[in-house]
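Colleague: Place chain B on chain A using the hints.
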Amino acid sequence: MKIIVCIKQVPDTKNVRLDPATNTLKREGVESMVNPFDLYAMETALRLKDQFGGTVTALTMGPPQAESALREMVEYGVDETALLSDRAFAGADTWATSYTLAKGVKKLGGFDLIVCGKQAVDGDTAQVGPGLAEQLDIPYVCFVRRLIEVDHQTRRMVVERLMDDGSEVVEIPLPALITVVKEINEPRVPSLRGKMKAKKIAVPVYGLQDLAADPDRVGLAGSPTQVVQVFAPQPRGTRVRLDGRPEEQAERLIEALKKDKVLTIGAE
Amino acid sequence: MSLLIDSDLCTGCGACVEACPFGAVEIIGETAQANEKCNLCGACVEACPVEAISIDKKEAKADDGYQGVWVFAEQRRGRLAGVSFELLGEGRRLADKLGVSLSAVLFGHRVREEAGRLFAYGADRVYLADDPSLDAFTDDLYGGLLTALIRERRPEIVLCGATSLGRSFFPKAANALNTGLTADCTGLDIREADRLLLQTRPAFGGNIMATILCPNRRPQMATVRPKVMRPGPCREGRTGELVEVEPSRPGLVPKTRFIEFIEDLSEKVHLAEADIIVAGGRGLGSAKGFDLLRELAELLGGALGASRGAVDAEWISYAHQVGQTGKTVSPKLYIACGISGAVQHLVGMQSADVIVAVNNDPGAPIFDVADYGLVGDLYEIIPAVINQLQR
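Chains as they are written, first to last, in our numbering: chain A, 4 to 271; chain B, 2 to 392.
Hints in this document: simulated from the structure, not taken from any laboratory.
The reader is advised that the hints may include incorrect statements.
To give an idea of the chain A side of the interface with chain B (calculated C-beta under 8 Å), a few residues [claimed, not checked]:
1. T97
2. G134
3. Q138
4. Q229
5. P236
6. R239
Residues of chain B clear of chain A, computed beta-carbon distances all greater than 12 Å [as the list claims (entries may be wrong)]:
7. Q34
8. G90
9. G100
10. R236
A virtual CB, placed ideally from N, CA and C, is assigned to each residue, including glycine.
One chain only, chain A, in its complex shape (with noise of 0.2 Å):
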């Protein structure tokens, strides 16, 4: 099986915080890493192809420095690494990154599977996965739990999603691109092999005109959406400490949850 994996190099999302004075982020002293969902779709194709053989791919779209989050996926077992990186895609927004990712694939010639973890913890839109399908016309499965069964001969495959009230089973033909949650699997150590070849692999690089990308549809000034404003979230909480012994605190949560009519429920 040949397998596109998507990644995304993502600052320490606990650690960004706002300037008040400027009302910019702080970056300096966040520390970058890879976005824990892509260990997940990482594991998922590393075990397809201990199982099919093939090989794995590991691709990003980000600044020269993202070729160190590809290097790690070496590490861990992936074959080929390929950064898509151009001072033209800074900025995109989901649609943008959708498009210019759609564009990498179609670099990297044919694939059976591509794998995205179900969201980037720094945007959390969930948006690049099944926006990337649509702009490749192939089908997809967002969430997915399970792969109950792949048939690489038959060309299709079965797989458990997630959804909010339960799961759906759905089969799905290859090509295909599935989201994963981390339920799906443990990810695996990086090899001491892994951490060898990593040193050397040479990672390419792909910009604008190496992926005969539309100036128009990429980066800041292809996207749909644009920031207006970023603003410090209100502070909440309003921090009552209810003292006394169990039962008093008791009684005083349930007066107060009263008081705030959150109780009404089954509790009346």
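Modeller: Relative to the frame of chain A, chain B by itself:
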């Protein structure tokens, strides 16, 4: 703004002629040409296998032909999801501000009766596609049909719940329409100066809020976090225009096939729809702690949530996980028991109306976001709460 057809690339295959909903493309000689019926909807751009057609987007402006607010009325097994009513409430407010009509889009099978409820909750018009093929949800058909409908009717705003279903198929439609989509909005408004939709959402794990516009493309599309918007009043007997939608379209062939639905039978109330959530973390000490929390949840008519720590310890299934790698919830009441409050957990629950924290560590960060903090042993406090509620 114009349609550009590259005659060097065009093979005259006719895919664009078939894709055009307006009969605006013809093959003349051996290449495609657009006639005056073309309204730059982009269907042909999408359909062309050799990428010979493009729209000169540099001049793309919000077309005046786009009008009205739409909400996608999600239903599951014939019943409207709670978020559908929330969208109607919010959509009504936006439509009134713009002075335009509010329409609901309802796809399914044997869901006709539900249209009445959509009118009662504020819809002026309901686009109904009622067909066996739409009984089960597939991204292909739901996304493809919504795309076709938007191309034909041209609404300026289309909203959908940020549910698993909405977040799955809505990006397909937005990409097919070459328009923007803002995910998981917690605030919407109209900028009066230019009538644009202001879409506000959390980013970077909720540490930052961003307001987003889609100025030049139409429609403006957004998914909206369930439980954040409030449904409007129900007016029994209020009616509107019911528009039957043809479910089968040329080129709309499903590739994925729904096989079966596996209901989560372990819970009576599902996280995303719950008004009250009782959640447990590592502080429970063992899987048994969830028996106690389940008792409280059932008493309150609520659902059971969990931190990543509790799920990783295999005390409860992943379907219950709240937080960055689990679900984002926005209930009226969130009771966190034995949860320390790592940022990754707070991301998933801090838009709850009221947060209660029970923890034996007075320094736990969960208390910083809590409205009511109870320091102590949850195995003493929770039974006391249950006891008093039962009285």
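Colleague: Indicate, hint by hint, whether the structure satisfies it.
Modeller: Hint check:
no.	hint	result
1	T97	7 Å, holds
2	G134	5 Å, holds
3	Q138	6 Å, holds
4	Q229	5 Å, holds
5	P236	5 Å, holds
6	R239	6 Å, holds
7	Q34	22 Å, holds
8	G90	18 Å, holds
9	G100	23 Å, holds
10	R236	23 Å, holds
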